[in-house]
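Student: Here the protein sequences come in this chain order: P and Z.
Those letters in the first sequence? Residues 1 to 98, by the numbering used here.
Those letters in the second sequence? Residues 1 to 642, by the numbering used here.
You may find that some hints are simply not true.
To be verified - Footprint (simulated), chain Z over chain P, 3 or more residues, beta carbon under 8 angstroms:
1) 22-35
2) 41-49
3) 79-91
Bear in mind the hints are in silico, worked out from the structure with no lab data behind them.
Nothing here was measured: the structure is a model prediction, and the numbers come from that model.
For glycine and all other residues, C-beta sits at the position ideal for the given N, C-alpha and C.
The lines below spell out each chain.
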Amino acid sequence: MQLSFKKKLRRTGWDLYSRAVTLAELREGQQGVLDRLDVPEDVARRLMELGFLPGHIVTRGRSAPGGDPRIFRVDGSEVALRGETAAHLILRLEPPSC
Amino acid sequence: MGDCHGCSGATITLKAPSEPKVRKHIVAMVGPPNSGKSTLFNRLTGLRQKVANFPGVTVEHRVGRAKLPRPTPGLHGDVYLVDLPGVYSMAPRSEDEQVTHDVLAGEMKGIPKPDAVLLILDSTNLGRHLVLAAPILNLGLPTLVILNMADDLHARGGEVDPAALALQLGAPVALVSATRGDGVDKVFQFMAGSAAGSPAMKKPLMELPVLNNIPHCRQWATNVGNKTGYQAPAAPLWTRRLDGIFLHPVIGPLIFLGVVVAVFQTIFSGAQPLMNGVSAFIQVSGNWMTALLPDSALRSLLIGGVWKGVGAVVVFLPQILLLFLFIGILEDSGYLARAALIADRTMAKFGLQGKSFIPLLSAYACAVPAIMATRTIENKRDRIATILIAPFMTCSARLPVYTLVIAAFIPERHLIGGLLGTQAAAMLGLYVLGFLAAIGTARLLKSTVLRTNRTPFMLEMPPYRWPTMRSLGLRMYDRSKVFLRRAGTVILGVAIVIWVLANLPLHEGKAPLIADSLAGTIGHTVEPVIRPLGFNWKIGIGLITSLAAREVIVGTLGTIYGIDETTQSEGLQQALHNDLSPGGAIALLIFFAFAMQCMSTIAVVRRETGGWKWPAIQFTYMSVLAWLGAFAANHVVQAFWH
Numbered sequence: 001m002q003l004s005f006k007k008k009l010r011r012t013g014w015d016l017y018s019r020a021v022t023l024a025e026l027r028e029g030q031q032g033v034l035d036r037l038d039v040p041e042d043v044a045r046r047l048m049e050l051g052f053l054p055g056h057i058v059t060r061g062r063s064a065p066g067g068d069p070r071i072f073r074v075d076g077s078e079v080a081l082r083g084e085t086a087a088h089l090i091l092r093l094e095p096p097s098c
Numbered sequence: 001m002g003d004c005h006g007c008s009g010a011t012i013t014l015k016a017p018s019e020p021k022v023r024k025h026i027v028a029m030v031g032p033p034n035s036g037k038s039t040l041f042n043r044l045t046g047l048r049q050k051v052a053n054f055p056g057v058t059v060e061h062r063v064g065r066a067k068l069p070r071p072t073p074g075l076h077g078d079v080y081l082v083d084l085p086g087v088y089s090m091a092p093r094s095e096d097e098q099v100t101h102d103v104l105a106g107e108m109k110g111i112p113k114p115d116a117v118l119l120i121l122d123s124t125n126l127g128r129h130l131v132l133a134a135p136i137l138n139l140g141l142p143t144l145v146i147l148n149m150a151d152d153l154h155a156r157g158g159e160v161d162p163a164a165l166a167l168q169l170g171a172p173v174a175l176v177s178a179t180r181g182d183g184v185d186k187v188f189q190f191m192a193g194s195a196a197g198s199p200a201m202k203k204p205l206m207e208l209p210v211l212n213n214i215p216h217c218r219q220w221a222t223n224v225g226n227k228t229g230y231q232a233p234a235a236p237l238w239t240r241r242l243d244g245i246f247l248h249p250v251i252g253p254l255i256f257l258g259v260v261v262a263v264f265q266t267i268f269s270g271a272q273p274l275m276n277g278v279s280a281f282i283q284v285s286g287n288w289m290t291a292l293l294p295d296s297a298l299r300s301l302l303i304g305g306v307w308k309g310v311g312a313v314v315v316f317l318p319q320i321l322l323l324f325l326f327i328g329i330l331e332d333s334g335y336l337a338r339a340a341l342i343a344d345r346t347m348a349k350f351g352l353q354g355k356s357f358i359p360l361l362s363a364y365a366c367a368v369p370a371i372m373a374t375r376t377i378e379n380k381r382d383r384i385a386t387i388l389i390a391p392f393m394t395c396s397a398r399l400p401v402y403t404l405v406i407a408a409f410i411p412e413r414h415l416i417g418g419l420l421g422t423q424a425a426a427m428l429g430l431y432v433l434g435f436l437a438a439i440g441t442a443r444l445l446k447s448t449v450l451r452t453n454r455t456p457f458m459l460e461m462p463p464y465r466w467p468t469m470r471s472l473g474l475r476m477y478d479r480s481k482v483f484l485r486r487a488g489t490v491i492l493g494v495a496i497v498i499w500v501l502a503n504l505p506l507h508e509g510k511a512p513l514i515a516d517s518l519a520g521t522i523g524h525t526v527e528p529v530i531r532p533l534g535f536n537w538k539i540g541i542g543l544i545t546s547l548a549a550r551e552v553i554v555g556t557l558g559t560i561y562g563i564d565e566t567t568q569s570e571g572l573q574q575a576l577h578n579d580l581s582p583g584g585a586i587a588l589l590i591f592f593a594f595a596m597q598c599m600s601t602i603a604v605v606r607r608e609t610g611g612w613k614w615p616a617i618q619f620t621y622m623s624v625l626a627w628l629g630a631f632a633a634n635h636v637v638q639a640f641w642h
């Protein structure tokens with residue numbers, strides 16, 4: 001499994017992705033379709049095992065009292081991530097209206 | 001096994017055993033974290049095993065025996081069940097996955113290749129959990145796919161067709177609720193079948209996906225689900241509602257604090273009547289035996305040495321059971337994962353990652369399983385950092401020492417309008433002190449020798465569940481067994497040795513004064529080192545014996561004061577109160593908060609880090625810190641006392 005999304009990024013140029021929205025920007029109750037995981041391969045693997053696969057709908061749930069980490073609902077389970085990790089999970093440009 | 005209706009569709013054919021089997025029949029249990037694997041293991045074996053609603057708790061594999069309801073041809077004795085760590089995949093990345101991989105491949109030393117596999121999946125989250133079925137079925141071992149939590153699935157309106165699934169996977173499928181015991185008979189039937197002969201695995205209708213490619217495996221799982229009409233259940237409403245309270249910006253942290261305070265208050269005051277009961281029993285029975293036995297050296301050994309020494313420790317059983325009851329409730333209900341979430345921000349400040357939180361929490365019970373639980377941490381440096389700080393967390397063996405000294409020296413007053421007593425507050429303070437020492441050390445390590453990049457925090461939030469009496473009961477039963485076994489072996493042994501040392505050399509055919517005895521000589525030898533801490537030679541003997549395990553000091557002091565004629569008639573608490581200065585008492589508490597007085601911990605650190613280097617560093621560091629802390633405490637208290 002190769003996850004060299006960065007390569008793809010270079011090929012298509014930054015313009016297309018300049019408006020990329022990440023999981024970190026979702027507010028409670030908002031959702032989006034995951035497009036790619038811009039993280040090292042071993043981290044990506046762990047995230048995918050927990051359900052963060054490209055094409056899956058991710059819904060932002062509650063967060064810890066300080067605002068971070070936050071809970072995401074994905075593929076039938078709830079997983080908590082820190083904002084710094086969520087900022088590397090990029091959503092598709094046109095999320096379905098919810 | 002023609003009558004295996006329960007196994008839903010898959011016919012298990014009986015191969016005639018060519019020769020009588022004498023070897024054990026081994027069945028491995030595999031499943032993702034939170035699939036209820038441990039609960040089912042308890043159901044099948046009745047053996048004690050930690051059940052937790054928390055990822056990564058089952059790190060060591062456990063072996064248990066399942067008694068089949070009916071005798072099975074070809075099987076001698078019971079079926080041996082091996083409970084493997086919870087894993088999401090078979091790619092050996094963490095040590096958990098390595099263990100699972102090695103056992104199933106027959107490469108694990110000490111465990112022969114399993115004869116059959118029980119694959120436990122959460123039926124409420126089948127899409128994601130089925131991903132693990134691909135690599136497991138690919139092994140070609142006889143496998144029963146168990147869809148657990150059937151009660152939860154149906155309650156939330158989900159549907160699954162085990163027969164259709166069995167057809168697609170080419171393996172028998174059983175719908176089970178491990179907590180309620182529904183469908184467990186099918187698991188026994190499968191094990192009986194596999195013990196009688198290898199049940200033939202069928203060719204799956206759906207071809208297995210390319211392993212190691214997660215999106216591909218997940219797509220395969222979706223297709224299997226669609227073909228078999230799997231209906232995912234509705235979202236767990238109660239979990240959402242409860243999270244609204246427990247993770248509320250204001251109420252959440254208040255509840256977190258409330259839970260912590262309640263636990264301490266209950267452990268300290270709630271256990272008191274029970275402890276008084278046990279204490280009175282030991283006192284009365286000791287007097288009764290004294291009256292019954294003739295005055296001899298044997299009576300002195302039995303009453304002064306053994307009964308007072310072991311009894312002094314056994315008194316703390318109710319307290320330790322209460323602690324484990326609370327830990328059990330927090331873990332099994334799923335609240336612990338929320339507590340980890342609330343604490344994560346603080347943990348991150350000290351360079352620790354979320355996964356370190358689980359071992360550190362279980363270190364409140366005992367550092368030994370906690371250090372073994374660090375195997376879930378993939379990053380080597382993070383793992384060593386967690387191992388090094390785990391013994392600072394206040395383990396249950398410190399509880400007897402703390403309780404004894406606090407009760408003897410700190411007068412009980414009510415704080416915050418009677419919500420918290422001074423004694424419970426002192427106890428809470430010692431827990432906080434241990435925690436601060438742990439995170440301070442973590443920060444020191446992570447900014448120097450064990451520096452790493454920040455590792456991401458990922459934690460699955462399990463739905464809230466009611467803890468079952470069965471699981472809590474098993475946990476407490478298991479704990480009392482461990483505790484009493486230690487009281488009956490290590491502490492009994494130490495008590496006898498101390499008694500002998502305290503009664504030799506004979507002085508004109510009679511036992512010497514304890515100060516002149518061998519034990520007294522040893523105590524006097526170490527006294528110069530510990531005098532600045534406010535300890536006398538009696539405490540010195542206790543410190544030496546407590547190198548074996550912390551609570552041993554209580555037994556040792558019980559023996560010493562029990563033999564000494566001037567203190568014989570007093571209880572241990574009173575004797576200590578008269579013998580030790582307030583400065584020395586506080587110093588003793590601080591010493592035990594920091595020192596690594598535990599042989600088992602040293603042994604497990606050596607095993608887990610693969611050498612003597614880290615345990616040696618750790619022991620030295622903690623001992624120096626303990627000495628300095630106790631020195632400071634003694635002098636500060638003395639300065640304020642006058």
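Student: Does each hint hold? Answer for all of them.
Tutor: Here's how the hints hold up against the structure:
no.: 1; hint: 22-35; result: violated (count 0)
no.: 2; hint: 41-49; result: holds (count 7)
no.: 3; hint: 79-91; result: holds (count 6)
Checked against the numbered hints listed earlier, the structure breaks hint 1 alone; every other hint is satisfied.
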